[in-house]
Structure formats: structure tokens, C-alpha cells
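Colleague: Sequence:
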Amino acid sequence: MFVSGKRLISLIMAVSAAIFVTLPALSQGLITMEGDKCSNDIAAFATLTGSKVLTAFQPGRIMGRCTAQNVQITRADIELSVPYMEWKAGSFSGILMGDIPESMFFTAKGINIVKSPPNDPIWAFLKSQSHAQGGIKAALRFSYDPSEQTLDITQLALGFAGGHSIGVTAKVHGVSGVLAASPLQGVLSVVGDEVLVDINGRSGFMQDLFAALLMRSFAAKNPDETRSAAMQYVNSEFTYLLAQNDLSDLRKMVNSLPAPAGSISLGFYADNGVSAASVALMLLSDKPDWAKNGVSLSFGYDPAGFGGAN
Numbered sequence: 001m002f003v004s005g006k007r008l009i010s011l012i013m014a015v016s017a018a019i020f021v022t023l024p025a026l027s028q029g030l031i032t033m034e035g036d037k038c039s040n041d042i043a044a045f046a047t048l049t050g051s052k053v054l055t056a057f058q059p060g061r062i063m064g065r066c067t068a069q070n071v072q073i074t075r076a077d078i079e080l081s082v083p084y085m086e087w088k089a090g091s092f093s094g095i096l097m098g099d100i101p102e103s104m105f106f107t108a109k110g111i112n113i114v115k116s117p118p119n120d121p122i123w124a125f126l127k128s129q130s131h132a133q134g135g136i137k138a139a140l141r142f143s144y145d146p147s148e149q150t151l152d153i154t155q156l157a158l159g160f161a162g163g164h165s166i167g168v169t170a171k172v173h174g175v176s177g178v179l180a181a182s183p184l185q186g187v188l189s190v191v192g193d194e195v196l197v198d199i200n201g202r203s204g205f206m207q208d209l210f211a212a213l214l215m216r217s218f219a220a221k222n223p224d225e226t227r228s229a230a231m232q233y234v235n236s237e238f239t240y241l242l243a244q245n246d247l248s249d250l251r252k253m254v255n256s257l258p259a260p261a262g263s264i265s266l267g268f269y270a271d272n273g274v275s276a277a278s279v280a281l282m283l284l285s286d287k288p289d290w291a292k293n294g295v296s297l298s299f300g301y302d303p304a305g306f307g308g309a310n
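Under my numbering, read the sequence shown as residues 1 to 310, first letter to last.
No wet-lab data here; the hints were simulated from the structure. Any given hint could turn out to be false.
To be verified - Cβ pair distances, simulated, as ranges: (1) T154 x E225: 36 to 44 Å; (2) I62 x T154: 18 to 26 Å; (3) S296 x N112: 38 to 46 Å; (4) S147 x R65: 20 to 28 Å; (5) E225 x I62: 50 to 58 Å; (6) T74 x A277: 32 to 40 Å; (7) S189 x N70: 33 to 41 Å; (8) D302 x L213: 16 to 24 Å; (9) Q72 x L284: 18 to 26 Å; (10) E225 x S248: 33 to 41 Å; (11) G167 x R65: 18 to 26 Å.
For each residue, glycine too, the CB sits at the ideal point set by N, CA and C.
All chains, please: the whole structure from these sequences, using the hints.
Modeller: This is the structure:
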């Protein structure tokens, strides 16, 4: 496709790793504050994300849900303005203390990226999208079984103007409270079973997204050269990674560059799960034998699959 086989697997695992590292915690602890549970959650959220969080009004709580309005989130060279946030009461405080909730939801609406890292094409794309009417919507939902130490992420998504979207679902096991107290140590025990990435949009949105993704590799190439280079990757490195139908969809998507439209899905599956360390070892090989390690990939492309708003 537009990246090598190694890059594709690295992208999938990076998405998966980001979920499990940033969700649980980025610090060692927090002194529990007295007072409103939702205010405590805001403080915990700030610590978890390593950011400064300010709200225009006192967070509200009703029927187990917390809400916050006009939220400003700043971290280094990133600044977000979020008109509305909603989450399960006490969840962020619990995660910070190493207590992963058995169910979790979080929604942020109207996100506007005020400041982003310079010279970063992905952040530039997101910032541009956030300035469209309605901003960006973010959503997270998962369930956790402490006895089995399994985490089922049923929604991790970004929604954009016009119904365009990027979403991830994942299933992993080996997740414990150690991940919250010590992310780098805890992530070593996490075993990925399944990761699925879905992208949906019209050609304009897709063109901007793919331009950001391909900026470093294909910035100086015209569309014909981009398609030719991408097809070379597909033919040399993906024929042994994908089933024939999936490979056909991948080639169809490559031929639609630089502006594929519709729906794209990318899946990673492991029969008995696979750890980040195992994937890293396989990536060191010039021709990693994923099938031998019980790992398979899937790819789907449907030009007529976009169902967003007009």
C-alpha cells in the first residue's frame, strides 16, 4: 500500500499500544482530594494526560455521569478547547489509583485544536478538521473483566464534519492495575487479540488524510508516481500477508490514490494473542512469518461504503 509491511504492522501496534498506555496513567499517583467526585475526576484526567485542565464552570453530576463545559486542555505545544465533556463518574480517579472500571465511557464534543505541534502533518490535518463546523467529536467506551484481566474496547473514535470518521476497536488480555501504577512495566504483560481500524469519508476528506499520512514518503511525488510506488510496496510485501480478496481490495484502494472514497478497514488478529515484545521480534525479520505465530491481517475497501451525512 502506501507503507511497507513492517510500517503497517507498526502502525497497528502503535495504535494498540497508545490505547493501553495513555488510558491507564502517565503518573505514579495522586493525593485523593475531598469534595465533589467529578472535580476529582477532572484533576485525575489532568494527571493521566500530563496536561493542565481548566473548566469554566464546576463539573456537574447526575445519575452517575459527570459533565464539564468550556474545558481548556493544554500540554506543551498542544492546546484544545472543548465545549462539552461527559464521562462515567469516578472512572478517571479510579484508573489513576490502579482500579480499572468494569465499564467506561467518555465523550468530548466540539473539540477545537487551538495550538498543535509545528511541522507535524497529522496534527495539521486534525487542526484543520477541528475548525470545521461542529469541531471534532471524540468517544471512548470499554468493558473490563478483572477476573479474566480482559479489556474490550468497543469504541475509540474521532468524528468529523460531514460524517467522516476514524475508529478503532480492540480486544486484549493480561490487563491489570499494574498498568495504571507503572505503564511501561504493565504494558509488557498486555497481550493483543484483535485490533480493527475503520476509516470512512468522501474523497476530499480522504485526500487530506492520506496527504498527511504520506507526507514524509511521497511529498515530492505526483499522483501517478504515488500510485506506482504504493503498488510496488503492495506487490513486494503484502502478497504474503493478505488473503486474495483482501489483496484485491488493497490494490483497488491504491489505484484510487490520492483520494480514495468510501470505507477502509484494517484488521490485526492473533489466535492466542501476541505481546508487543513478540511483534517487535517479528519486525526485526526481513520476512516475518506472521501465520506461523498465529497472526493474520485483513484489509477491506468499499468505494460505496461511506454512509456519512451530506
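Colleague: Next step is simple, just say for each hint if it's right about the structure.
Modeller: Hint-by-hint comparison with the structure:
1. T154 x E225: 36 to 44 Å: holds (40 Å)
2. I62 x T154: 18 to 26 Å: holds (24 Å)
3. S296 x N112: 38 to 46 Å: holds (39 Å)
4. S147 x R65: 20 to 28 Å: holds (26 Å)
5. E225 x I62: 50 to 58 Å: holds (56 Å)
6. T74 x A277: 32 to 40 Å: The hint (32 to 40 Å, Cβ to Cβ) holds, given that T74 and A277 are roughly 34 Å apart.
7. S189 x N70: 33 to 41 Å: holds (39 Å)
8. D302 x L213: 16 to 24 Å: The hint (16 to 24 Å, Cβ to Cβ) holds, given that D302 and L213 are roughly 19 Å apart.
9. Q72 x L284: 18 to 26 Å: At 43 Å between Cβs, range violated.
10. E225 x S248: 33 to 41 Å: Roughly 23 Å apart at Cβ, these two residues miss the hinted range, so it is violated.
11. G167 x R65: 18 to 26 Å: holds (22 Å)
When held up to the earlier numbered hints, the structure conflicts with 9, 10 and fits the remainder.
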